[in-house]
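A.B. asks: Sequence:
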Amino acid sequence: MAAAGAGRERLAGSATGGLTKDLRAPSVGAARWKSRPGLTSCPGRPAASGSGRGPGGGAAPGRRRFLGAAGTEERAARDGAMEDGVLKEGFLVKRGHIVHNWKARWFILRQNTLLYYKFEGGRKVTPPKGRILLDGCTITCPCLEYENRPLLIKLKTQTSTEYFLEACSREERDAWAFEITGAIHAGQPGKVQQLHLLKNSFKLPPHISLHRIVDKMRDSSCGIRPSPNMEQGSTYKKTFIGSSLVDWLLSNGFAASRLEAVTLASVLMEENFLRPVGTRSMGAIRSGDLSEQFLDDSTALYTFAESCKKKISPKEEISLSTMELSGTVVKQGYLAKQGHKRKNWKVRRFVLRKDPGFLHYYDPSKEENRPVGGFSLRGSLVSALEDNGVPTGVKGNVQGNLFKVITKDDIHYYIQASSKAERSEWIEAIKKLT
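In terms of my numbering, the sequence shown is residues 5 to 438.
Just so you know, the hints here were simulated from the structure itself, not pulled from any lab data. Among the hints, a few may not be true.
Below 20 Å or equal to it, Euclidean Cα-Cα: the simulated SDA-like pairs (lysine to any residue) are [unchecked claim]:
#1 Lys370 / Gln115
#2 Lys412 / Arg382
#3 Lys350 / Trp106
#4 Lys158 / Gln115
#5 Lys370 / Arg99
#6 Lys158 / Asp139
Just the calculated beta-carbon pair ranges, DEER-fashion [claimed, not checked]:
#7 Thr165 / Ser231: 42 to 52 Å
#8 Asp139 / Gly237: 41 to 51 Å
#9 Pro232 / Gly100: 38 to 48 Å
#10 Asp413 / Arg222: 40 to 50 Å
#11 Lys435 / Thr163: 15 to 25 Å
#12 Glu166 / Ala425: 28 to 38 Å
#13 Asn373 / Gly140: 44 to 54 Å
#14 Leu385 / Gly257: 23 to 33 Å
#15 Val103 / Thr130: 20 to 30 Å
Where is the CB? At the ideal position from N, CA and C, for every residue including glycine.
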């Protein structure tokens, strides 16, 4: 994605807003932005201290120090977050510099630096593994350089070092991009401007044709690359997910906001350039609202009109039943889990589904989108574990934000959230499905 021009810069907005921003406009101060943008490359300077927002726009779990002991340290961390300049913290998956493998790291966004830590034994390892200086840094989001990793943010430093960071969901990716961009621009009042809401109507620019968009989508070097994707236990050949297409339309300048991109994708379906594939996307086309017929979703599948083919996965290719993966995704995020045999702690992407209720977990370092484990929630018990010591059954020097799930087969799962608030959210969501 090309860097923003010197005169004008486009920021693609959230589902309800977008902005074409004039960098020469008069200063409006360093107020925090009011909505979460999708972002193209934006140069910036050191940030001033500000408040952070957590995943999905809620209160920031990052305001609490991760894995602190109960009581004094937890309160001190919460009260001192602003003083420490912590804007946001949590898990992201980072690409290595030398060997391009992917590893989960704990990230802390401060006033002018993004720090990252190794995670071992159920806690972050100090000192930091590395740091990213935000002075003169540019951010690219959405970043489409890895077709099998659609939830990337790319940061490029003044010395041209590139960092690729992957979030667990589009909402979490956009939350991180929002906070990092705000930190970059907080020291440049002339570049910090309130985002303007777009009208709900959308008109295709007269110089852009649908045929041109589809031709570029099919381009082997810069287009959408269809690949096998699975829904409800079936593998669909030559498909792409809805949120990836929205990201692609934004990054190529065909839309200025996610709302525009969703509406444009709906038009492409109406004109028979695209087809929905599977239950999720087929259900959406029954909506009467054009802007809601296409799903900006990581579980909705689409394909080019003439390549709609379905292949049922052979039983030997999938160890999980069709029923397990057929439920609607209600919650997902990065959590740490203790292994059953070696008792070591690994960061996993957890996905909670309902109808039927299942909790699956994935290895975020791997590109294939297949669970490495999971279990039914019917008849399960879930509870928080006390923070005043290492509970029975937990190995390592682990403290804080733990909870346990006991399945109906009496298998114990020990899981760690990044904050008490996040732990409570997961427990309440799981309880509704037990």
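A.B. asks: Could you tell me which of the numbered hints above are not met by this structure, giving the numbers in increasing order?
C.D. replies: 1, 7, 9, 11, 13, 14
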